[in-house]
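K.L.:
On the provided structure of chain A, position chains B, C and D with the ligands as indicated by the hints.
If you want the building blocks of each chain, they are given just below.
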Amino acid sequence: MSARKTSAKAFLQSDNKSLIIGIALLIVLTLVASLSVEGFASTNNARSILLLASFLGLAALGQTLVATVGGLDLSIPFMIGASNILLAYLFGTSVPPVLGIAIIALLGASIGTLNGILSYRLQGQALILTLGVGFSLVGAAQIFTTFGSQYSGTVFSQVPAWFSNISAINGKTFGMPFPPVVLIWAGLCVFLILCIHRSRAGRALYAVGGNRTAAALLSISEFKVWVGTYMISGLTASITGMLLLGFSGGGFVGVGDAYLFTTVAAVVVGGTSLLGGSGGYGATVVGVLVLQVLTSFLVGLGLNYAAQQTVFGLLILPMVALYARAPHIRYQI
Amino acid sequence: MTAISVRNISKNFGETRALRDASLEASFAEIHAIVGENGSGKSTLAKIISGIVLADGGDVDVLGHRPNSPTEAIAIGVSTIFQEMMLAESLTIWENVFAGSDSFWKRSSSVAEKKRQTKEILERLADCPIDPDWPVSAVPLSVKQWIVISRALLQKPKVLVFDESSAALDLDATSRLHHEMLELKASGTAVIIVTHRIAELVKFADQATVLRDGVTVGKIGREEMTEENLLRLMSATTGHSARAASKEPVFVGERHPLLEASNIGLTDGAQGFDFNLHPGQIVGIAGLDGAGQAEFVRILAGIDKAPQGRVTVRDDTGMMQAISNLSDAEANRIAYVSGDRKKEGIFANLSIMENFGLALYGRHSNAAGVIDQKALREVFDREKDRLSIKFGHRQDKITTLSGGNQQKVLIARAFALAPRIIILNDPARGVDIGTKQDLYTHLRAFAAGGGAVIYLSTEIEEFFNFADRADVFFEGHLFASFEQDRIGEESILGAMFGQSEPVDMSEALEQELPSNIQPQATAS
Amino acid sequence: ESAISELPADTAKAYEGVDDGQPIGQSAYRDWTPRSGPPWTIGYASSYAGNTWRAEGLKRLTEEMLPVYKEAGLIDEVIVTQSDLNDSRQIQQMRQLVDQGVDAIIVCCSNPVALNKAVEYAYDKGVVVFSYSGYLTSEKALNASSNYTLGGYEIAKALIEEAGGEGNFLLVSGIAGAASSESFDTGAKRALEEFPEAKLVGQVWGNWTDQVAQTEVQKFLATNPTQIDGIIAQGSQETGVLKAVLQSGREVMPISLAGSAGAACYLKNHPEWMSHAFQIWPPGDEMELGINSVVRTLQNQGPIIQSILRGVYRVPAEDYVAELSDDCSIDSTDYIQPGIDVWFPNEVASTYFLRPVDPLEWKAE
Amino acid sequence: MNRRLLNHLNDLAVPLGLVVILGILAAIRAPQTFTYVGLAGAVLVAAPLILAAMAITPIAIAGRGGVDLSIGPMIGFVNVTIVVWLGGLEISNPVAVFAFAIGMACLWQLLLALIIIYVRISPIIASLAGYMILQGVNLVILPRPGGFAPDWLGDWGWGTELLGPVLYILIAACVLWYLFQTTPMFQHIRLMGADERTAYTSGVNIVAARIMAHLVAGVFAGLAALCLTGMIGSGDPSQGNTLTLQAITALVLGGTSLSGGRGGVTGSILGAIAMYLVFVVLSSFNFGAISGYMIQLSYGLMLVISLLISLLTSQAKPRMA
Ligand SMILES: Nc1ncnc2c1ncn2[C@@H]1O[C@H](COP(=O)(O)OP(=O)(O)OP(=O)(O)O)[C@@H](O)[C@H]1O
Ligand SMILES: Nc1ncnc2c1ncn2[C@@H]1O[C@H](COP(=O)(O)OP(=O)(O)OP(=O)(O)O)[C@@H](O)[C@H]1O
Ligand SMILES: [Mg+2]
Ligand SMILES: [Mg+2]
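Protein sequence lines correspond, in order, to chains A, B, C and D.
Residue 9 is where the first sequence starts when you use the working numbering, and the numbers rise one by one after that.
Residue 16 is where the second sequence starts when you use the working numbering, and the numbers rise one by one after that.
Residue 30 is where the third sequence starts when you use the working numbering, and the numbers rise one by one after that.
Residue 46 is where the fourth sequence starts when you use the working numbering, and the numbers rise one by one after that.
The following block holds chain A by itself, in its conformation from the complex:
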């Protein structure tokens, strides 16, 4: 009995606090929005929220893992943009679509790995390094595609119907009226959350995020974990970029821009501290849904992009203040 009580307390006082706050906020937002915006509670709207959420969710997946080990990956938006136009470019060539997709995914993973290796060598500089890699990547990608067509930055080609069906708003999943990407994302969430909590690899994230030296003594290779997270981040970013191509039907390098800080916002609002060792993808999923529902709500209220940004910013502060306040320096001594 008392044991159960303490275990409940342990649950509450741990990182799950942010999870609970997040879910509460999500519920409140949904209720308020459904009551105040007509048509918000429609299946149509739910579908589009979930669709956009899956994009953000995938983009923020890598960011979450990277943050758990105390890193940051700002190359995500550039990776998204680059994969987006490069895949469009490949669709325009004689390369079979599936192969093209594989190539881009591989590219994503390798760029991620590169990020991982370099930022591992450059401890504490991950933010700026990934930014540099991102700049280079997106610049190179645009130059590359420009040589093909004279349209730099945008690439045109026939996107295979089956591919755009995956992530188009009118896509169908086994005849059901929502695009497969939503299902894919949901599956990925379950899988990843289980991994993080139940598997060695998952726990290794927190070990490294919490105390690198101690982890090394338990022969948990910080290098492998660190590089691994960045590799996944690069991979998921490139997948997001490719899915966005299916969504919009034409390659545009700018599609990633919106994800530069939004992924970080989703991670942070969810409750993964950027310092590493805490949080998890479950938290991020909540963060993603909160942001997406909020967007839809604000648009419904007729607020434009500008106002949305402001509200996001205003949301981050109290959320973080609620669960991620550092103890007063007195108590860190």
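If you are wondering where the hints come from, they were derived from the structure by calculation, not from laboratory data.
Don't take every hint at face value.
[Claimed, not checked] Pairwise CB distance ranges, derived in the manner of DEER restraints: (1) C:Pro300 x A:Gly183: 25 to 35 Å; (2) B:Asn340 x D:Asn55: 33 to 43 Å; (3) A:Gly183 x C:Ser354: 32 to 42 Å; (4) B:Asp400 x A:Gln340: 32 to 42 Å; (5) C:Val281 x A:Phe155: 28 to 38 Å; (6) D:Asp200 x C:Ala351: 50 to 60 Å; (7) C:Arg279 x A:Gln340: 48 to 58 Å; (8) A:Met184 x C:Val281: 16 to 26 Å; (9) D:Asp200 x C:Glu280: 55 to 65 Å; (10) B:Ser118 x A:Gln340: 16 to 26 Å; (11) C:Ala351 x A:Val103: 32 to 42 Å.
[Unchecked claim] Not close to chain D: a few residues of chain B, all C-beta gaps over 10 Å, as computed: (12) Thr17; (13) Ser25; (14) Arg139; (15) Asn244; (16) Asp330; (17) Lys399; (18) Asp400; (19) Leu402; (20) Gly465; (21) Glu474; (22) Gly513.
From a predicted model like this one, the values you see are computed outputs, not experimental measurements.
C-beta: ideal position from N, C-alpha, C; glycine also.
P.N.:
Relative to the frame of chain A, chains B, C and D with the ligands by itself:
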């Protein structure tokens, strides 16, 4: 006249009641010790005196003030040396020594003057050449310790609070330190010292305030200050002295060494030395700070690679296997426990259970890497009872435990790996006497079961009646080796300072073997 | 002191309802000779290269006009720079072009104020800055384009009427702050005011880029449950807008058409969809208007007015899709362009100059 | 002492080398850059970035991984408010405008500092929120580029006189930094950046130190906003945003580490100049439509490479036996 008088202090950290009813009276020109087990509230009390922690209740009077911040405390003449060394590693030595000496707008003295003073005081204290422009990250631990001490001394404090740090000073350094304290005392300063080194304490403290579970359970004056008294007060339970570990018979095993290190050189080109370890043996490792003993045990544990020479272990089939990295060590069931919990031990972000379990996931997870929580929990319950670890719930964060209990979790983790060799690197550092006694007993039992123990310590009295052999390092190599009855303060100290003849290791091994085969002979 | 009065009556019609920001004073180049040449070097300080429209214009400039003028010994080189919508970069690039010795600079569609000082810097060095498809407010700048305010007005008016004169409308603008984009919106909103039953429920910015327009409209439709009865779109984005509507599963409402072959193809296959289209920014023709005017100015033909404006060009649907082949594709990125001889013939162009001659006939005296 | 100097140079080696090489390239490719007028233009165009980079330097030095992401939108905010608010009130008196710009910037930085100190969330998150908030607010204040800067300010945009207000502002900023750097306060900030607990326990007033770091940043940011407004002679809600990443790039090129305690404004200035020169060199080629991407690519590579170089050099630190 009294410099400090704090009465009936209480302080809670969330759930933890760090102090419940702590009082302390200290007058000028006295050395006043605060003693108590881990987590008994010493540091907290010290932090209250130096304005870091604010008491929840009770009255604080430090030099007639109630300091609310370190800034205030320093202003009124209270200097503090914290348990954890406060250093800006990336800055230079002089900048660290004079940290905070200036006001916001005005320098206390010129840079050149600061460097001069830094050089002067550090070379006196650390007695080695110092360049004030070195970055702190470039100097060894002992010098770092001296840097924080000099910072405090240069503040010319009326009250000096010294929370004994986890960083060990070697013996003559310690005596130099004590000398400094005595000088301060002579100059009228009130010196408050928090330490676990009871034996030394007794030699030079005038007063001692004893804490137990955040309550002041006694104040002992010079005359009745004996280890026995202190220890009795400190812990209701453990009434015995640091040296009084009763020795069970040791394992009688096969003559072949379990671990062999041959021609080891800690720097390449160094003249190599050999080392071996037999089943059932407990080998103590000693040496002045920086004499190479720490590097050596890390090499044995497979953490670092030996610049020269090789380490081999006899596996179950009797084959000798080379140890060159952690996975070799793991494969050959060598476990390592570091004394530097915060840096190399605990995961402050994780629960007690996970801190224990992390090492075992490899063993208790299936091919897909899925962890068998149930099996782990069983192991945990077994080990926690064995080491009698005190905690609330196994899912609580490990930082809710006191340092000593954190250490026990780490040792339990090592035992849980069912190792054949345990290597402990100063595990009792900052750990109270009761915990130490438990630890010795467990290690003894482990050895009796056929395991072997390598035990590095900065407090040589830990070896007495505990180690079967004490190997002493001097200037980067194994300098001398002593059998159980030859293990003594004088012999070891001497060797640590390079006195007495270097023992020819080869013959040392000769005479060692028999004693190892019939330990009873010497024991009875 | 508007110089419109100095223009022939028909030409002056093009200026009705012009954006108040659009400079219409006497041009500073009525009697002006470049610092060198012919042949002249032209700099093109583009601010953005991300869309088909710019690419189409650039193509016309470098692949069609340049050879012609080279042939005629009038232009020997065109230097192109691009600033990713970053003003300080564009300023720097303009100044650098001047220093590199170009005789004229073409800029496109930028913030009407930010470049003014760079324009004057060029003027002082004897270099003329010509803004095509958009305007700069500096009186040292020349501008050439359609009358976008009028265009916006006509296009919106026609679309609202197509939608039955009432309902919810979405406005898809170009690049926020770009002169032509703003002028268009001014006109469009003016038209909306004339229909009390027509409500503007939202505005998104498509950067004159199909992908951006498509994504933005998709997001809008996705997050806006309300019924949309018509979409007023600036040029070279209607294909993206149409695709977004098709994807959203809503039935296709009227959408302004202004030259994109993709959407035009849909019209060809669904003739009932729209009755008309507009040609206010055919990318190539507009660029040609720009470069021709530049050359005329370099030839000291004396532009009368600061802004050379073209009136609105409306086409009935059947003519619009006439030359589209039956196997056309909605994914086409081409443009339907009337061609300069229809859209802005030489004789019309001449009316904007004091001493007009056909640029290619012109002889240096 | 001279070892200190050497270390200092060692830190600056990378950006200095970069500037020299690029300078030579620029001299070859675009000689006009080094004429009187060319330099005037250079100063005009580079000033906002230089000052923005200077602004985030003290914040980075103050530690806690402090990188002010909000710097760009904040400069944009001052830009649009000068044009819209002051313009609306017909306030164009130079003193008033300067006071307003610097005041606004300092106010924002103070707010940021207070949040970081008392809400106790990490600077990067606080300034991320700030970035999003201001980005939106700017668009609300001025939905699209436009409006006019006060005439005297707009005239800075001529950029034909090297010895003009923009240069004087840069010089003033450097002098200001020099003075700031000589105060013990600066040492307090460095110490705090290198190890906040050490600073706190050794009696440094860390609250004041952090606030001062931000206020100094505010002054530079205000000046940056003035130079930006002078350059474009109008208001633009989005021009500022791009400055954030550019300034961070310049900062890092200059060898200031985002992990605190290290670096100085000299590096940041060199970094910004290097970025300007790269741009000049690239623009001197006829890259056509892709020139924009060439710039992005080279900024990226410069970042990565200079980081790697700094990694190599930093490993060559003196060690004690
Ligand atoms: N900042 C803090 N936050 C939460 N709990 C704390 C904090 N500081 C101390 N405690 C708790 O207060 C109790 C006393 O801690 P304190 O550091 O005073 O013990 P100690 O006597 O110094 O132990 P040790 O001998 O290991 O240094 C411990 O149980 C510890 O868990
Ligand atoms: N900021 C804190 N939050 C939670 N617990 C703390 C904190 N600071 C100290 N403690 C706890 O207080 C106890 C005593 O603190 P302290 O740091 O003195 O431990 P310790 O046993 O002395 O460790 P060490 O001797 O290695 O420093 C430790 O168990 C530690 O976990
Ligand atoms: Mg303590
Ligand atoms: Mg302790």
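K.L.:
Going by Cβ atoms, does Arg139 of chain B stay more than 10 Å from chain D at every point?
P.N.:
For Arg139 of chain B, whose nearest Cβ neighbour in chain D is about 18 Å away, the distance exceeds 10 Å, so it holds.
K.L.:
If I take the minimum Cβ distance from Asn244 of chain B to any residue of chain D, is it greater than 10 Å?
P.N.:
At roughly 33 Å from the nearest Cβ of chain D, Asn244 of chain B sits farther out than 10 Å, so the non-interface label holds.
K.L.:
Between the beta carbons of Asn340 of chain B and Asn55 of chain D, is the distance compatible with 33 to 43 Å?
P.N.:
35 Å, holds
K.L.:
Determine whether the Cβ-Cβ distance between Asp400 of chain B and Gln340 of chain A falls within the hinted range of 32 to 42 Å.
P.N.:
Because 33 Å falls inside the window, the suggested range holds.
K.L.:
Compute the least Cβ-Cβ separation between Lys399 of chain B and chain D, then decide whether it is above 10 Å.
P.N.:
32 Å, holds
K.L.:
Thr17 of chain B clear of chain D by more than 10 Å, beta carbon to beta carbon?
P.N.:
24 Å, holds
K.L.:
That 32 to 42 Å hint for Ala351 of chain C and Val103 of chain A (C-beta), does it hold up?
P.N.:
This hint holds: roughly 37 Å between Cβ atoms.
K.L.:
Quick check on a hinted range of 25 to 35 Å for Pro300 of chain C and Gly183 of chain A, using CB atoms only.
P.N.:
The hinted range 25 to 35 Å holds for Pro300 of chain C and Gly183 of chain A, with Cβ atoms some 33 Å apart.
K.L.:
For Asp400 of chain B, is the shortest beta carbon distance to chain D beyond 10 Å?
P.N.:
37 Å, holds
K.L.:
Minimum Cβ separation between Leu402 of chain B and chain D greater than 10 Å?
P.N.:
Label holds. Min Cβ-Cβ 32 Å, cutoff 10 Å.
K.L.:
Assuming the hint says 32 to 42 Å, is it satisfied by the Cβ distance from Gly183 of chain A to Ser354 of chain C or not?
P.N.:
36 Å, holds
K.L.:
Beyond 10 Å from chain D, beta-carbon-wise, is Glu474 of chain B?
P.N.:
Answer for Glu474 of chain B: holds, closest chain D Cβ roughly 26 Å.
The structure fails none of the hints (numbered hints given earlier).
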